[in-house]
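Trainee: Line by line, the protein sequences give chains A and B. Just so we're aligned, residue 1 is where the first sequence starts under our numbering, counting upward by one. Just so we're aligned, residue 116 is where the second sequence starts under our numbering, counting upward by one.
Keep in mind the hints are simulated off the structure, nothing from the lab. For every residue, glycine included, the Cβ atom is placed at its ideal position computed from N, Cα and C. Careful: at least some of the hints might be erroneous.
[Stated by the list, open to error] Ranges between beta-carbon positions, derived for each pair:
1. B/C128 with A/M11: 33 to 43 angstroms
2. B/F154 with A/S7: 38 to 48 angstroms
3. A/Y54 with B/H200: 41 to 51 angstroms
4. A/L115 with B/S133: 20 to 30 angstroms
5. B/L183 with A/A16: 44 to 54 angstroms
6. B/A117 with A/T5: 21 to 31 angstroms
7. A/Y54 with B/G168: 46 to 56 angstroms
8. A/S42 with B/L191: 40 to 50 angstroms
9. A/A16 with B/L141: 17 to 27 angstroms
10. A/I46 with B/L191: 21 to 31 angstroms
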Amino acid sequence: AQTVTQSQPEMSVQEAETVTLSCTYDTSESDYYLFWYKQPPSRQMILVIRQEAYKQQNATENRFSVNFQKAAKSFSLKISDSQLGDAAMYFCAYMRTGTASKLTFGTGTRLQVTL
Amino acid sequence: GAVVSQHPSRVICKSGTSVKIECRSLDFQATTMFWYRQFPKKSLMLMATSNEGSKATYEQGVEKDKFLINHASLTLSTLTVTSAHPEDSSFYICSATSDRGRTGEQYFGPGTRLTVT
Numbered sequence: 001a002q003t004v005t006q007s008q009p010e011m012s013v014q015e016a017e018t019v020t021l022s023c024t025y026d027t028s029e030s031d032y033y034l035f036w037y038k039q040p041p042s043r044q045m046i047l048v049i050r051q052e053a054y055k056q057q058n059a060t061e062n063r064f065s066v067n068f069q070k071a072a073k074s075f076s077l078k079i080s081d082s083q084l085g086d087a088a089m090y091f092c093a094y095m096r097t098g099t100a101s102k103l104t105f106g107t108g109t110r111l112q113v114t115l
Numbered sequence: 116g117a118v119v120s121q122h123p124s125r126v127i128c129k130s131g132t133s134v135k136i137e138c139r140s141l142d143f144q145a146t147t148m149f150w151y152r153q154f155p156k157k158s159l160m161l162m163a164t165s166n167e168g169s170k171a172t173y174e175q176g177v178e179k180d181k182f183l184i185n186h187a188s189l190t191l192s193t194l195t196v197t198s199a200h201p202e203d204s205s206f207y208i209c210s211a212t213s214d215r216g217r218t219g220e221q222y223f224g225p226g227t228r229l230t231v232t
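Full structure from sequences and hints, please.
Mentor: Below, the structure written as structure tokens:
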């Protein structure tokens, strides 16, 4: 079974600084997707960034980028120029490709952004 | 992006009663919908996967007779918590997809907070 591990329950970053959230996963599949979702206090799940395992290039979305290391099964999220609105729970998630495959979530990292 | 709604956003019910939560895809046809449960400060736990027109597939440990899921149309799935008890109090989230795994895109509803008294 696939597992997703987030070893940092909480992280803190100063506004305008950079922070990296860690995620590792375990799978025997070669083709899959990895995601980072943000859950603010409203509890609405928001997709931050998505990576396809067959792509070697790291995904980037504005201030958000990932460091995808397929051999090491590592998928970290870097947030640059942190903003107060980035404060939220961040969940790393794995999905095997195929017919509407389900998401497996990590335990989450609570990010605090300080002035 | 695609929009998924849930109704109600909050519900309080008495122990022993049943409560229905609706999940609707507003601007796309959802071939598959997922139901999650989230305890305070915890991650999302998948309860079941629902494909339009067929029976839901429940995760291990989830009671299918307790959590009835119906996906009768391409835009609506319902979760009915039958004979609810205080331990069923939780935050329930649905998600929907139309791409049959091609892109991995899922769209989440805003969630429903259930409190059983």
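Trainee: Hints numbered earlier in the text: which of these fail when held up against the supplied structure?
Mentor: 2, 4, 7, 8 and 9
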